Amino acid sequence: MAFRNMDIRLRRAGSVYIVDISGEMDLYNAHKLKEVVKKMLEKGIRDYVINVDSVTYIDSTGIGALMHVHSTIKKQGKRMLLANVKGTVRQVIQLTKLMDYFDIVEDETAALRRMKAEA
Amino acid sequence: MELALLWPKLFVLLLLALVLYRVATLRSDAAGREGLWPLAAILGILLARDLALALTGISVILPLSGLAVVVMYLVWLKTFTEWTTTDRVYMALNVLAVVAAVANRLLDTPVEVGAFHYGLWIEANVVYLAVSLGLVSPVTNENARVVLRTRFVLLSALALSHLVLLLYGYEAALVHQALLPVTYFAHGAVIIAYYRWFHEQERESVAYYAANLESMFDFMKNLGSAISRRIEMSEVLDIIVKAASRNLGADAGAILLVDEYEDVLRVRATQGIYPPIYPVPDIARVTTGSIKRHFAETPIPIGETILGETVRSAEPVLVSNAAEDPRISGNAADDVLFVSSLIAVPLIVSNRVLGVISTLKRAENQFFDERDFEHLRTFAEYASVTIDNIHTYLEVLEKREMETELDIAAEIQSKLLPGNAAPLSNGSLASVTVPAKGVSGDYHDVISLDGRRLAMVVADVAGKGIPAAMVMVMVRSILHLVVSPQREAAAVLGLVNRGITGSIDLDHYATMGYLIYDQDSREVTYANAAHHPLLVYRKKTSKLLQVDTEGLPIGIERDAKYAQKRFTVESGDMLVLYTDGMVEAMNEQGTQYGLQSLKEAVKRFPDAEPQQLVDNVMADLEAFVGNARRHDDQTMLAMKVQ
Amino acid sequence: MPDQLIVDEQSTLFDTTGMFQKTFPSDFRQIRYFTLLIVQKAPAEMKELNILEQQISELIKNAVKHGNDNDPEKQVRVWFSFREDWAHLIIQDEGPGFQKLEEWNRFNRERNACLEERDFEKLEHYVSFETEESDEYDSGNAMFAAVEYWNQGVVFNEKRNTVAVARTFPRKRYGLELEEEPGSVFSSSS
Numbered sequence: 001m002a003f004r005n006m007d008i009r010l011r012r013a014g015s016v017y018i019v020d021i022s023g024e025m026d027l028y029n030a031h032k033l034k035e036v037v038k039k040m041l042e043k044g045i046r047d048y049v050i051n052v053d054s055v056t057y058i059d060s061t062g063i064g065a066l067m068h069v070h071s072t073i074k075k076q077g078k079r080m081l082l083a084n085v086k087g088t089v090r091q092v093i094q095l096t097k098l099m100d101y102f103d104i105v106e107d108e109t110a111a112l113r114r115m116k117a118e119a
Numbered sequence: 001m002e003l004a005l006l007w008p009k010l011f012v013l014l015l016l017a018l019v020l021y022r023v024a025t026l027r028s029d030a031a032g033r034e035g036l037w038p039l040a041a042i043l044g045i046l047l048a049r050d051l052a053l054a055l056t057g058i059s060v061i062l063p064l065s066g067l068a069v070v071v072m073y074l075v076w077l078k079t080f081t082e083w084t085t086t087d088r089v090y091m092a093l094n095v096l097a098v099v100a101a102v103a104n105r106l107l108d109t110p111v112e113v114g115a116f117h118y119g120l121w122i123e124a125n126v127v128y129l130a131v132s133l134g135l136v137s138p139v140t141n142e143n144a145r146v147v148l149r150t151r152f153v154l155l156s157a158l159a160l161s162h163l164v165l166l167l168y169g170y171e172a173a174l175v176h177q178a179l180l181p182v183t184y185f186a187h188g189a190v191i192i193a194y195y196r197w198f199h200e201q202e203r204e205s206v207a208y209y210a211a212n213l214e215s216m217f218d219f220m221k222n223l224g225s226a227i228s229r230r231i232e233m234s235e236v237l238d239i240i241v242k243a244a245s246r247n248l249g250a251d252a253g254a255i256l257l258v259d260e261y262e263d264v265l266r267v268r269a270t271q272g273i274y275p276p277i278y279p280v281p282d283i284a285r286v287t288t289g290s291i292k293r294h295f296a297e298t299p300i301p302i303g304e305t306i307l308g309e310t311v312r313s314a315e316p317v318l319v320s321n322a323a324e325d326p327r328i329s330g331n332a333a334d335d336v337l338f339v340s341s342l343i344a345v346p347l348i349v350s351n352r353v354l355g356v357i358s359t360l361k362r363a364e365n366q367f368f369d370e371r372d373f374e375h376l377r378t379f380a381e382y383a384s385v386t387i388d389n390i391h392t393y394l395e396v397l398e399k400r401e402m403e404t405e406l407d408i409a410a411e412i413q414s415k416l417l418p419g420n421a422a423p424l425s426n427g428s429l430a431s432v433t434v435p436a437k438g439v440s441g442d443y444h445d446v447i448s449l450d451g452r453r454l455a456m457v458v459a460d461v462a463g464k465g466i467p468a469a470m471v472m473v474m475v476r477s478i479l480h481l482v483v484s485p486q487r488e489a490a491a492v493l494g495l496v497n498r499g500i501t502g503s504i505d506l507d508h509y510a511t512m513g514y515l516i517y518d519q520d521s522r523e524v525t526y527a528n529a530a531h532h533p534l535l536v537y538r539k540k541t542s543k544l545l546q547v548d549t550e551g552l553p554i555g556i557e558r559d560a561k562y563a564q565k566r567f568t569v570e571s572g573d574m575l576v577l578y579t580d581g582m583v584e585a586m587n588e589q590g591t592q593y594g595l596q597s598l599k600e601a602v603k604r605f606p607d608a609e610p611q612q613l614v615d616n617v618m619a620d621l622e623a624f625v626g627n628a629r630r631h632d633d634q635t636m637l638a639m640k641v642q
Numbered sequence: 001m002p003d004q005l006i007v008d009e010q011s012t013l014f015d016t017t018g019m020f021q022k023t024f025p026s027d028f029r030q031i032r033y034f035t036l037l038i039v040q041k042a043p044a045e046m047k048e049l050n051i052l053e054q055q056i057s058e059l060i061k062n063a064v065k066h067g068n069d070n071d072p073e074k075q076v077r078v079w080f081s082f083r084e085d086w087a088h089l090i091i092q093d094e095g096p097g098f099q100k101l102e103e104w105n106r107f108n109r110e111r112n113a114c115l116e117e118r119d120f121e122k123l124e125h126y127v128s129f130e131t132e133e134s135d136e137y138d139s140g141n142a143m144f145a146a147v148e149y150w151n152q153g154v155v156f157n158e159k160r161n162t163v164a165v166a167r168t169f170p171r172k173r174y175g176l177e178l179e180e181e182p183g184s185v186f187s188s189s190s
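Residue numbers (the numbering used here), protein chains in the order written: chain H, 1 to 119; chain U, 1 to 642; chain S, 1 to 190.
Looking at chain H on its own, in the form it has when it is part of the complex (with noise of 0.2 Å):
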């Protein structure tokens, strides 16, 4: 498999985990978002933000591991939150009109904000 970076983090804050992409979510590495939260949902996890700020680049594959990790949350009735959503990342949202369909909050203070208003 070719390297490229990505990268994913995790951070706490209380009951919330940020999980921070940076680089390049693309046909090579979008599995990797899949892996983690498939991970995370197993440790019983429950509230989720995605920071996509970092991310350079992201391609269909990309969108495709963000809406199934955004099924996957909420059909096991758990909360997702997508954050920081600008730039490119947002331009290939709106293109393929996804824009409502994930639950887009402006930064990362807003969703820890909404998370907590809606405990």
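Hints listed in this document are in silico derivations from the structure and should not be mistaken for laboratory results. Worth double-checking, as some hints may not be accurate.
[Claimed, not checked] Some, not all, of what chain S presents toward chain U, calculated at C-beta under 8 Å:
1) Leu-13
2) Phe-14
3) Thr-17
4) Arg-29
5) Gln-40
6) Lys-41
7) Ala-44
8) Pro-96
9) Pro-170
10) Lys-172
11) Arg-173
12) Tyr-174
13) Gly-175
14) Leu-176
15) Glu-177
16) Leu-178
Here the structure is a predicted model, which is why all the values come from computation and not from measurement. Glycine included, each C-beta is placed from N, C-alpha and C at the ideal position.
Fit chains U and S to the given chain H structure using the hints.
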């Protein structure tokens, strides 16, 4: 009638006529000039009366002329206001009265009409005139200044003089010696009032232009210092709109510019709270902040609302009283969005409308006037030129920055390329790179490994500009690090690939051809990372061979493996390396030069030295490409085996 | 532009006059590299090169993966031309062609209906356009975005193994042009 009394009257009349003439020539564009001709008519009536009285002595001329004067004063008043139906009825009654008086004189009637009746009738006229004068309001009629100043004198003179006439009759000496001349001065007062008024207008306009100029100089100074500090369009627009608002005593101002892509206007600077003049959703009018924000963020399609219309028509517009204009009155009843007066002027420079500047008054009974309108138009002209200048400057700057970037990349590239190839003891080398503007992707090098071996490299970095140049720097650094006499060609490629892949965030791909030549054994080893094949011209057979190996480009896969081919060469053989830019060069018809043409060009000069060969082949390529644009760097290396 | 894929061998978008041409082996690993080689011919003044690059790489991925089955023996031929306000590509693979085109159009229509009705649960079924040939990595989103992005159309040839796409970009303009010279406050005609 004594003729002696004629001369003083005529003298006074002449004086008044001269003054009137002087007033008439004072200002050709003064407001209220229409009022002068009735006055001239009055002087004419008085002259005619005096002459007629002196010559004929018919006393009825006095009341007749008296009536004519009063009527003429009404006509004079009507040059400032409108004729109403009442006025027409009044005139009709006067005509009837004159006819009746004449009839009474000529025919035999039972009733004797005399001075008393005339006097009474004229006083009734004076009363009517007084009422009409009284109705003139300074608020609605600016030019009525002269009426307001003189009406008291006028009415008093007319009323009193005709009262005297009424009581003493038209024959009394008192009348002719004292009264009439005095009344002349009353008329004179009106004429002099005009004189004063025109003078005032002169002074006011001078003062106005001086103030205008002063504020323009102030404004220009502010603008100048802002621009010299830092050239930023938003800051400049801010200064313009604030200065314009301040100067006009406006409550709010805004500058909107035409969007670069869509046919809409976007708010670029505001002063005060400029409320939207189009319907606003409830949620946006919650606070003044939200109103301000809503206006600032809402683009206005060109042609819509008074602002969009101003831009489309390129015509400035003054809406003195917003309540009377359907275009703005939509929000008029709204407290929060109230506007009392508006001016909008398009920003135009050399046949292009850049946008619009607009100021508002937002208080009851506060209105802009023509003067303010002209003021803002002056502002707008200056602002347009300034905006245009800054725009041009920023464009040039951006272009310059882009070119500088490209220049930097080109410089990096040229610094990395070898100057003169190291001469070999029994071989010789030549190389050339013809860079294309803005690309800077080709790299080539000749590295001496030890006394008898050298390495030749040619590489084509994907991408262009500074990022490509940076990748080139890395490739060169890593190459020089890993190259050693013991290392095989394929291994070198593998190491360079490893070093590049994944270590930097940029797109980092390149094709590369790497060749090791041993002068003593005349052995050539060639390894290829998706680059064009090595061309080998065999002197003995006059054949041109291609040597190629399998391999990915550099930077794709960290663990990619590369292969190499080894063969020997003989004296007179020529090795040629080249890049994409040579075989993919297009002529104006869109045909590519192609590998075939390159091969043929090489074969055409079997005995040439490397430099000659390179020059000739490049010349052939030049001839083919002609005037078509160059899209890629062109690189060629040639080595002749001695 | 219609929200669907079209088959029209006569389309002007298939005219290759004046276009660059490159041929690539169907190597999945090199898709980003090929895309870069293509995009480097685009003028630097072009807006939004990032999204353009991304959309082009999707098309090449389709050709490599679905058209040529990742078989490096098979070639992908690309014609391309760019201007500040225009991008035009033709991509050809050696595969059997996109025979399920009409089904995809129907699928897309249904997907759009879900979006309009905001029926997000139903939308989950329209994530990937699966056929016998596709696998779990095929999200199908690429074509949804492509149909939106290439505003001059996504056109296939009869055989459906060649697709032509084009997009116009709005030209930057400075102010609006006037028909005649207006009067000036400073001129005597005020």
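Here's how the hints hold up against the structure:
Hint on Leu-13 (chain S) is violated. Least Cβ distance to chain U is approximately 17 Å, over the 8 Å limit. The beta carbon of Phe-14 (chain S) is not positioned within 8 Å of any beta carbon in chain U (closest approach about 16 Å), and the interface hint is therefore violated. Using the Cβ-Cβ criterion of 8 Å, the hint placing Thr-17 (chain S) at the interface with chain U is satisfied: the shortest such distance is roughly 7 Å. For Arg-29 (chain S), the shortest C-beta to C-beta distance to chain U is roughly 5 Å, which falls under 8 Å, so the interface hint holds.
Hint status for Gln-40 (chain S) relative to chain U: holds, with the closest Cβ pair at about 5 Å, below 8 Å. Contact between Lys-41 (chain S) and chain U, as hinted, is supported at the beta carbon level, the nearest pair being about 6 Å apart and thus within 8 Å. The interface hint given for Ala-44 (chain S) is met, as the beta carbon of that residue sits about 6 Å from the closest beta carbon of chain U, less than 8 Å. About 27 Å separates the beta-carbon of Pro-96 (chain S) from the nearest beta-carbon of chain U, more than 8 Å, and the hint is not met.
Residue-level restraint check for Pro-170 (chain S) holds (minimum Cβ-Cβ distance to chain U is 4 Å; threshold 8 Å). Below 8 Å, beta-carbon pairs count as interface contacts, and Lys-172 (chain S) has one with chain U at about 5 Å; its hint therefore holds. Among the interface hints, the one on Arg-173 (chain S) holds; its C-beta lies about 6 Å from the nearest C-beta in chain U, closer than the 8 Å criterion. A hinted interface residue such as Tyr-174 (chain S) counts as satisfied when its beta carbon comes closer than 8 Å to some beta carbon of chain U; here the least separation is about 7 Å, so the hint holds.
Annotation: interface hint on Gly-175 (chain S) holds; nearest CB of chain U at approximately 4 Å, less than 8 Å. Hint on Leu-176 (chain S) holds. Least Cβ distance to chain U is approximately 5 Å, under the 8 Å limit. Taken as an interface hint, Glu-177 (chain S) checks out: its beta carbon lies about 6 Å from the nearest beta carbon of chain U, inside 8 Å. At about 5 Å, the closest approach between the beta carbon of Leu-178 (chain S) and any beta carbon in chain U falls short of 8 Å, and the interface hint on this residue holds.
When the structure is compared with the earlier hints, violations turn up for hints 1, 2, 8 and for no others.
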